[in-house]
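The listed protein sequences correspond, in order, to chains C and S. When you line the first sequence up against this note's numbering, it's residues 1 to 131, in that order. When you line the second sequence up against this note's numbering, it's residues 1001 to 1065, in that order.
Keep in mind the hints are simulated off the structure, nothing from the lab. Watch out, some of these pointers could steer you wrong.
Here are the simulated lysine to any residue pairs, SDA-like style, with alpha carbons at most 20 Å apart [said to hold, decoys possible]:
#: 1; chain 1: S; residue 1: K1037; chain 2: C; residue 2: R74
#: 2; chain 1: S; residue 1: K1037; chain 2: C; residue 2: K99
#: 3; chain 1: C; residue 1: K99; chain 2: C; residue 2: V116
#: 4; chain 1: S; residue 1: K1037; chain 2: C; residue 2: L77
#: 5; chain 1: S; residue 1: K1037; chain 2: C; residue 2: Y76
#: 6; chain 1: S; residue 1: K1037; chain 2: C; residue 2: R129
Here are a few chain C residues that sit away from chain S, every Cβ distance over 12 Å (derived from the structure) [what the hints assert, rightly or not]:
#: 7; residue: Q14
#: 8; residue: I19
#: 9; residue: F21
#: 10; residue: V23
#: 11; residue: L32
#: 12; residue: S33
#: 13; residue: R34
#: 14; residue: F55
#: 15; residue: M60
#: 16; residue: I75
#: 17; residue: A90
#: 18; residue: G117
Quick look at which bits of chain S chain C covers, simulated, 3 or more residues with Cβ under 8 Å [what the hints assert, rightly or not]:
#: 19; region: 1010 to 1017
#: 20; region: 1040 to 1052
All C-beta atoms in this analysis are idealised placements derived from N, C-alpha and C, irrespective of residue type, glycine included.
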Amino acid sequence: MKLFSRACRPSTRQTVWAIVFFVAQGLGLIALSRKWIPPPYTYAVAVAPLIAGLFYIHSMVSDIRRRMDELQLRIYLEAAAVTVGGLFLAAMVHPLFEKAHLLGPLNDSIVLFLIVGLFVAGYVNAVRRYR
Amino acid sequence: MTNRLRVLRAEREWSQADLAERLHVSRQTINAVETGKYDPSLPLAFQMAALFGMRIEEIFQPDKK
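Take the sequences, apply the hints, and build the full model.
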């Protein structure tokens, strides 16, 4: 099985929302850190990437429903289960590792890395199982 | 579960891609079903049976223990 089949490729709509999200996120961070925007409007700047992100998730889910067959859905489900389970486990055991001075504080970058890493690992494992 | 999908497909000289196209699924799904790594859902099994003009139990058999 090809690792990333055509059904897994994002649609144009999904790609557009991803670009809008990253642009809103990047411009928002710059605008807020340089204080270009006065206080009442800062809320709108903060909320803009959230809205774009929600539209991205909506288009991603509708793409998955429309383009994937039942085996591809199962592979995605297994990868998602590994991601959620792995994140839950990491969140539960992290305080112990931190108290044992094995790990530092859990920050956003580590969580993002864990999400991507766990999903890829779960996806590759599921693809190999059904190959 | 065992199945006769590969034999039935070969009798009609269809490739995995041909069968996948007729059933509106990916070739990977056909391959996984043929090799016994994935058991199809009931709707897909009914689609396969209808395509080959057979009953489901003539294509899929439970494992003998």
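Hint by hint, here is what the structure shows:
1. For a cut-off of 20 Å, the pair hint linking S:K1037 to C:R74 stands: about 13 Å separates their Cα positions.
2. About 44 Å separates the Cα atoms of S:K1037 and C:K99, which puts this hinted pair outside 20 Å; it is violated.
3. Annotation: proposed proximity of C:K99 to C:V116 is violated, straight-line Cα distance about 26 Å (limit 20 Å).
4. Pair hint S:K1037 plus C:L77 holds up; C-alpha atoms about 17 Å apart against a cutoff of 20 Å.
5. With a C-alpha separation of about 16 Å, the suggested pairing of S:K1037 with C:Y76 holds against the 20 Å cut-off.
6. For the proposed pair S:K1037 and C:R129, the alpha carbon gap of about 8 Å is at most 20 Å, so the pair holds.
7. No beta-carbon of chain S is positioned within 12 Å of the beta-carbon of C:Q14; the least distance is around 19 Å.
8. C:I19, annotated as away from the interface, keeps every beta carbon of chain S farther than 12 Å; the closest lies near 28 Å.
9. Every Cβ of chain S is farther than 12 Å from the Cβ of C:F21; the closest lies at roughly 29 Å, confirming the non-interface assignment.
10. Every CB of chain S is more than 12 Å from the CB of C:V23 (nearest about 33 Å), matching its label as outside the interface.
11. For C:L32, the non-interface assignment is confirmed: its Cβ lies about 44 Å from the closest Cβ of chain S, beyond the 12 Å cut-off.
12. No beta-carbon of chain S is positioned within 12 Å of the beta-carbon of C:S33; the least distance is around 46 Å.
13. Even its closest Cβ contact with chain S, about 48 Å, leaves C:R34 beyond 12 Å, as expected for a residue assigned away from the interface.
14. Non-interface call for C:F55 relative to chain S: holds, since the shortest CB-CB distance, roughly 27 Å, exceeds 12 Å.
15. With a least beta-carbon separation of about 19 Å from chain S, C:M60 lies farther than 12 Å from that chain, consistent with its non-interface assignment.
16. The Cβ of C:I75 sits about 9 Å from the closest Cβ of chain S, inside the 12 Å cut-off, so the non-interface label is violated.
17. With a least beta-carbon separation of about 30 Å from chain S, C:A90 lies farther than 12 Å from that chain, consistent with its non-interface assignment.
18. Look at C:G117: its CB is around 24 Å from the nearest CB on chain S, clear of 12 Å, so calling it non-interface holds up.
19. With a cut-off of 8 Å between beta carbons, the region 1010 to 1017 of chain S has 0 residues touching chain C; three or more are needed, and the interface restraint is violated.
20. Note: the region 1040 to 1052 of chain S has 3 residues with beta-carbon separation from chain C under 8 Å; the three-residue rule is met and the coverage holds.
Of the numbered hints stated above, those contradicted by the structure are hints 2, 3, 16 and 19, listed in ascending order.
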